[in-house]
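A.B. asks: Spelled out, the chains give:
2 protein chains.
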Amino acid sequence: MPEQPELTIQGWGPTRPGDPPPTDGDLANAVPKAARRYLAKELGWSPRPTPPVAVDDITLAPSRLSDAARTVLVDLVGAENVHTDREARLRRAGGKSYLDLLRRREGDASDAPDAVVAPGTTEETAALLAACSELGVVVVPFGGGTSVVGGLAGIDPDDRPSIALDLARMASVQALDVPSSLVTVGPGLRGPALEESLGRVGLTFGHLPQSWEFATLGGYAATRSAGQSSTGVGRFDDLVAGLTLATPSGVLELGHPPASAAGPDLLALALGSEGTLGVITELRLRVRPKPLSTAYEGWSFRSWAAGLAAVQQLARHDLLPDVVRLSDPDETRANLLMADGRGARALRGSLRLRGHREGCLLVLGWEGLPTIVRARSHAAAALLRDGGGIKVGRRVGESWKKHRFQAPYLRDTLMDAGLLVETLETAATWSALPNVYDAVRRALRDSLTRQGRRPLVMSHVSHGYPTGASLYVTVLADRDDALPIQQWLSAKRAATDALLAAGGTLTHHHAVGADHRPWLEREVGPLGVEVLRAVKERLDPKGICNPGVLLPD
Amino acid sequence: MPEQPELTIQGWGPTRPGDPPPTDGDLANAVPKAARRYLAKELGWSPRPTPPVAVDDITLAPSRLSDAARTVLVDLVGAENVHTDREARLRRAGGKSYLDLLRRREGDASDAPDAVVAPGTTEETAALLAACSELGVVVVPFGGGTSVVGGLAGIDPDDRPSIALDLARMASVQALDVPSSLVTVGPGLRGPALEESLGRVGLTFGHLPQSWEFATLGGYAATRSAGQSSTGVGRFDDLVAGLTLATPSGVLELGHPPASAAGPDLLALALGSEGTLGVITELRLRVRPKPLSTAYEGWSFRSWAAGLAAVQQLARHDLLPDVVRLSDPDETRANLLMADGRGARALRGSLRLRGHREGCLLVLGWEGLPTIVRARSHAAAALLRDGGGIKVGRRVGESWKKHRFQAPYLRDTLMDAGLLVETLETAATWSALPNVYDAVRRALRDSLTRQGRRPLVMSHVSHGYPTGASLYVTVLADRDDALPIQQWLSAKRAATDALLAAGGTLTHHHAVGADHRPWLEREVGPLGVEVLRAVKERLDPKGICNPGVLLPD
Chain R
1 MPEQPELTIQ GWGPTRPGDP PPTDGDLANA VPKAARRYLA KELGWSPRPT
51 PPVAVDDITL APSRLSDAAR TVLVDLVGAE NVHTDREARL RRAGGKSYLD
101 LLRRREGDAS DAPDAVVAPG TTEETAALLA ACSELGVVVV PFGGGTSVVG
151 GLAGIDPDDR PSIALDLARM ASVQALDVPS SLVTVGPGLR GPALEESLGR
201 VGLTFGHLPQ SWEFATLGGY AATRSAGQSS TGVGRFDDLV AGLTLATPSG
251 VLELGHPPAS AAGPDLLALA LGSEGTLGVI TELRLRVRPK PLSTAYEGWS
301 FRSWAAGLAA VQQLARHDLL PDVVRLSDPD ETRANLLMAD GRGARALRGS
351 LRLRGHREGC LLVLGWEGLP TIVRARSHAA AALLRDGGGI KVGRRVGESW
401 KKHRFQAPYL RDTLMDAGLL VETLETAATW SALPNVYDAV RRALRDSLTR
451 QGRRPLVMSH VSHGYPTGAS LYVTVLADRD DALPIQQWLS AKRAATDALL
501 AAGGTLTHHH AVGADHRPWL EREVGPLGVE VLRAVKERLD PKGICNPGVL
551 LPD
Chain V
1 MPEQPELTIQ GWGPTRPGDP PPTDGDLANA VPKAARRYLA KELGWSPRPT
51 PPVAVDDITL APSRLSDAAR TVLVDLVGAE NVHTDREARL RRAGGKSYLD
101 LLRRREGDAS DAPDAVVAPG TTEETAALLA ACSELGVVVV PFGGGTSVVG
151 GLAGIDPDDR PSIALDLARM ASVQALDVPS SLVTVGPGLR GPALEESLGR
201 VGLTFGHLPQ SWEFATLGGY AATRSAGQSS TGVGRFDDLV AGLTLATPSG
251 VLELGHPPAS AAGPDLLALA LGSEGTLGVI TELRLRVRPK PLSTAYEGWS
301 FRSWAAGLAA VQQLARHDLL PDVVRLSDPD ETRANLLMAD GRGARALRGS
351 LRLRGHREGC LLVLGWEGLP TIVRARSHAA AALLRDGGGI KVGRRVGESW
401 KKHRFQAPYL RDTLMDAGLL VETLETAATW SALPNVYDAV RRALRDSLTR
451 QGRRPLVMSH VSHGYPTGAS LYVTVLADRD DALPIQQWLS AKRAATDALL
501 AAGGTLTHHH AVGADHRPWL EREVGPLGVE VLRAVKERLD PKGICNPGVL
551 LPD
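First to last, the protein sequences are chains R and V.
For the record, in the first sequence the residue sitting at position 32 is 32 according to the working numbering, with numbers rising by one throughout.
For the record, in the second sequence the residue sitting at position 45 is 45 according to the working numbering, with numbers rising by one throughout.
Don't read these hints as lab results, they were simulated from the structure.
Where hints are given, some of them may not hold.
[To be verified] Once the Cα atoms are required to be at most 16 Å apart in a straight line, the calculated EDC-like pairs of lysine to aspartate or glutamate come out as:
(1) V:542 with V:156
(2) V:290 with R:318
(3) R:290 with V:318
[Claimed, not checked] A short list of chain R residues far from chain V (calculated; beta carbon distances all over 12 Å):
(4) 62
(5) 351
(6) 358
(7) 490
Keep in mind it's a predicted model, so treat the numbers as computed, not measured.
Glycine included, each C-beta is placed from N, C-alpha and C at the ideal position.
With the hints as extra help, turn the sequences into a complete structure.
C.D. replies: This is the structure in C-alpha cells:
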C-alpha cells in the first residue's frame, strides 16, 4: 500500500507526499481578486488574520483510562496497539466539521479519547467490545476521521472513559471474486488504495465523496455515504453486498448477495448505525469494470427552476448520467469568479449575451460503453434542449472534475481570514425540492444577517434519483469572532427546522452524528426511535458503543 | 375498478370474467401428447384421476372467536366488515403452496381463521391490532392469498383464536405525484388495477410476478417479492419509497424518498416482515413512463455452463436486460415439448443440427427508448455470441411472454392426474451458483426417486444481478398417494439443506413463511434472529402478529 496522507489536527490535508498543496494557505493565491472583492462586498466581510493556536498549545486532559483497564486492552491486542500519547489522542479527537475545526483551532480538545486501541481482526474487535462493555469503557470507532456531523464526538451521558477504536490495522483487500463482481475488504481501507488494487485487474469501485482521499470504507458504510458518481453507480448502501458487525453481544454476518427475501434485511440496520451497535470489521463490496469511455459536459439554464425541471425530466425518463451537479445562480456566479482565467470570463460574457446572466450551470458526467453513452447522452440532450438548456461544452465539466476534492483545503484558508465556512445537505422529492431550497436559504439568511453583514448561501443538486434529488448547501459569512460556535449553531438549527418542515430529509449523506440527533425523532417518529433503541439494547446492553451519536438522549 | 377475479378455494384461477380458461382442466387438452408421453416415461408416472373432495365436504371447525371479542371488533369496524361464515373463512384459509392445495383438496381447512375482519383505514387497523393484542386474538393479514411458503398458516403456539385481517377495503390509488414518479396506494390493491390506473396517464409500475393477477401490493412488500422484469425495473424492495406500518404499539411512517442517511433504514425492517410486526396499510411506490419499445428475443447455448457464463458476462458489464430467463436442458426440453406446434418442432430440429440437442434457451426482454434498447442489445449480443450463443429469433421470447401467468393453472390440472408439482427458489453469487444448482438437483432426485419412479427437476435463472442470480426450480414427480404431504416435506427439507450448504439463500422472492422458518437461523445467525425478536417484542409484545411465520419457535 502506498504511504497514506494524514489529515492535520486543526484542518484538512495535507496532500499526498510529493504533491503540491492545492493552496498554499495564502488567501491572495487561493482566491482570485475578483472573487475576493465580490465576497467582501456580498458578505460585508473584512479579510483579517484569524489563525489557529499552535498545536502544542492545544489543551488535552490526562487520560482517564485506569491501569486495570489498560492491562485488559493490552492483553487483548498487544501493547504496541494501545496508545495514550498526546499525538495519538489529538489525531483521533472529533471530526472535521466547522465546529470541530473551530474548537481545535481555539485549542480545545476536550472530545479527545482517553486511549487509541487498534485491533487486527474481527475476533479481536469482538473481544475488545465485550471487555469494554464489562469495564464500562466507551468505544468510538475511528476510520478516516472525516465526519462533518460530530460522528466522533465521544459524548457519554455517564462520562465514562472512552477509547478510539482505530481501524487502521484492518485495511487490506482480502479477497476478489471477479465473476461475482465482489471484493472483500477491511473497514480501514481507503478509496485510493482500493482503486489502485482494483485498477490492476481492470476494475473500479467508483465511490468518490469529497473526503475520498482520507475517509475509509467502513466509515462510508456506518454513515450511508454518497459519492460524486452515486447517481450512476449508486449510493454506498447500494454497493454493500454484505458486512461483518462485531458487537458487545457477538458477531453478526449480514447480507446475502445477490439478493434474499429471507425476512427483513438486517444489513440495513448496520448501514447507518454510526458505531452505535458495534464496529464493522469486514465489507463485501460490489465492483465493476473500468468504464471504457468517460465524458463530462456542461449545460446552462436561464433559472434554477428551469434547471431543476430539466434534471427532473432526465430522472423521470431514466436518463440520468453518472454525475449530476446543478448549481444555483449564487453558486454558479461564485464558481465562475473562482475559475478566473480567460475561458471563464469568455463563458460569463457569452452566457450574459444569451440571457443567462442569472443562470445555472449543470455538470453531467457519462461513463460506460461508448455506444451506450452516446445513445443515452443524445436522448438526454434532446430533453435538456426542450427544457431551454444551452450546451456550454466540456470545459466546465472537466474543470469541476479537476477541482472536486479541493473545497475542504480552501476552507482552512478561508477560516484563517475571518470567515464562517460550512456546508449542509438534504434531499427531497422533486415536488418538495423547490420549497426545501427556498426554506433553507431563507432560514440561513435570516439567522446570519446582522449589522450590514449577510451570508452567501450557495446550493447545488448533487445526486439525482427518479423520485427526487439531494441539495448541498455551502454557507459563507463574516465570522462572529466573539461567539463563532453559537453563530453557526443558531444558523444550523434554523436551517434544519426549516428543511424538515418543508419535507426534506435530515441528512442525505452526512449521517446523524451528534449534530443532528435532536431531530432524529422528527425524521423517524418516536416509535421509530424506540425500535432503534430495542436493537441497541439487545446488541449493546451497557450502551458503550458510540453513545454520543444518532439516538437522542 | 373492474370486477376482480378470485382464486378458487382448492386451487388457482379462474380467469377474469369473460376470458377463456387457460386450460379446461382436461389433461389431454392442457398437455400435448408428446409431452405426456415424455413425462410418463421420465417419471414412471401413470396418469390417473386424483380429484379434490367437493368444497362442501371440506371440514371446518366452528369459529372460536368469543362473543365479547366479536363485539369489540364490530364496534371498531362495523358489523358488515366482520365475517364468520363458512365461505369467508374457507377463502382465507392458508395460501397456494402444493401443501396448501393438498390439504384443501383432501378436505382439511384446519388452518382457517376464526373470523375475517376488514378495516378501512390505517387508524382502524391500528385500533384493531391494539384491541386484538388486549384480547389475545392472533392476526394474520390477508391480501391476495397467494403465498406459496405457508405465509398464512396462522399457527399459534398458544392456540389462541385468530382472525384474517382482510385488506380488500384498502385497495385504492390514493395519490399520484407525477414529477416525483411516486404513487400512493392501499395495500389491498392488485397489480392489474394499478397498471390500469397508471396506464391512463402513460405510466407503469412494472412488477409482474407469476401471481400478478391475484396478489396484492401489500403482500409484495411483506414478502420482498420479485417480478419477471425485476432484473431491469428492480425487486419490489427497490420500488418502495415509503410505507405505513400499523402495529399493536402504534403506527410507523417509514421511508424518506428519494434517499436518506438519517440512521439505519427502518423501511427495510418492514419489508419482508410477513405480518409479524404489524400490517402495512399504505405504500408509496416508484412508477415510470411506459416504455416506448419492448423487444423479446431468444438465444440458445450448447450447455448450462455456457449459458450461465454468458449471462454472467452481461451482468458484469451492466448489460442485463429487463427480463432474463435461462432454462436448463431439462426445462428447455420440457418447454419445447409443451409448445408443440410446427414452430417448436422446427426449432428443435434446427438446434439439434447445430449441436444444441442438450442446449439451454435464454429469453431476454428489453424495454425503454428505442435508441438505447438498440445500443444495449447490440452490445449484449456481441458478448452472447462470444460465449457461443445462437440467436433463435423473437418467437421463443414472445411465446414465453404470452404464457407467463399460466403455470399455476396448469398445476391444478396436473394435480388432478396423480402428479406432485411444486417449485422452490434460491439465489447465489455467480461463483456459487453452479454448485447450488447441482446440490439442489441431487437432493431432489435422491429424495424423490423410489421403485422405478424418479422426479423431473427443471430449473431456470429468473433474475440476474451484477453479483449473482436467482434459481427457480420446478419439480414434477409421480405422487405418493398414501403419504403425499410427507413425500414433499422430505424432498423440500433435503433441497433446503443442500442449497444452504452450497451457499444459496433460503429464499430469493417467496419469503420465509411457516415452511422456511426452521432454517432462518442458518441464514441470519442466532444473533440475527435475536435482533428480529427484539424488534418484534417492542412492536408486538403479546405476539399476536402472524406468530406462525418467519421467526422460529
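A.B. asks: Of the hints given before, which are not true for this structure?
C.D. replies: Those not satisfied: there are none.
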